[in-house]
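Under our numbering, the residues of the sequence shown are numbered -17 to 273, in order.
To be clear, the hints were calculated from the coordinates, so they are not data collected in a lab.
One should not assume that every hint holds.
Label pairs and their calculated CB-CB ranges [stated by the list, open to error]:
| no. | residue 1 | residue 2 | range |
| --- | --- | --- | --- |
| 1 | Gly86 | Asp153 | 22 to 32 Å |
| 2 | Pro90 | Phe247 | 24 to 34 Å |
| 3 | Glu158 | Gln6 | 44 to 54 Å |
| 4 | Leu248 | Pro90 | 23 to 33 Å |
| 5 | Thr123 | Ala261 | 44 to 54 Å |
| 6 | Phe58 | Val87 | 24 to 34 Å |
| 7 | Gly105 | Lys263 | 49 to 59 Å |
| 8 | Leu248 | Leu69 | 30 to 40 Å |
| 9 | Leu98 | Phe247 | 45 to 55 Å |
| 10 | Leu2 | Gly161 | 46 to 56 Å |
Even for Gly, the Cβ is constructed at its ideal location relative to N, Cα and C.
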Amino acid sequence: MDADSIIGAIFSFENYGELLMLVQNSIWAGAVLGLLGGLVGTFVMKRDLAFAVHGISELSFAGAAFALLIGTDIVFGSLIGSVAAALLLGLMGVRARDKNSIIGVIMPFGLGLGILFLSLYQGRAANKFGLLTGQIVSVDTVQLQVLAGAAVLVIAALAAIWRPLNFASVDPELAEARGVPVRTLALIFMVLLGVSVALSIQVVGALLVLALLITPAAAALRVTSAPVAVVALSVVFAVTATVGGILLALGGRIPISPYVTTLSFLIYVVCRIVGSVRAKKGLNGRLVHAR
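All chains, please: the whole structure from these sequences, using the hints.
Next comes the structure, spelled out in structure tokens:
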């Protein structure tokens, strides 16, 4: 395969306008997932749960693969797997470091189950591949409404517990001493995280879900420490990576996930550079010692 063929497979904008009209619902779905990922991702970073997201995604993948095998709704199967994993991790304790061993057990178990179910599945290979790496699907109006409704419920629940959850995320010991129900909040957030993971898998797949729930928030934290600014930038970065990835993938012949993850990574690199420059100039309030 020569260079021109590779470039043509990655970027091909022939009949792009016609294709764009066919995936308007998918673009809106990507925007909704970007909004959700940006909001949830800020708490994932504050609570040091990046490893937990990966563990949840593996069981979410197993649930989706089982649903595909038995011919039921993939999103529902993904939700069952995600929420089950999230509840299990939430019951293991508040601190992420207390969960690492059980996450290390869950990840290969979930991935192994998913591969088993996909091996037994006799349908289209594209369906199998899409669960792992994501794909642009023709999202109809009903599917978009269900996705938006689920996202609204997660965001509303997150808004309802935002202040105590933020307190418990920053200083759990002090929050518990002040009477904040730290353990209950941890369980609620883990359920919300599980739902977010299941919804995000539809775009980037089980293996690359971190690009929506981790990287945008991590990038935002590199350039600012103001709580409101972190949330706003995280949402902007997540929506940009998701919608931008869909628009780029529309003209290519490869799955959507490389586009989304590459955009997300580039945003993080730029923010890291900007953050380093700001730190050296003392613009973020921190002292940087030259080495």
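Quiz item: Are there hints from earlier that the structure breaks, and if so, what are their numbers?
Solution: 9
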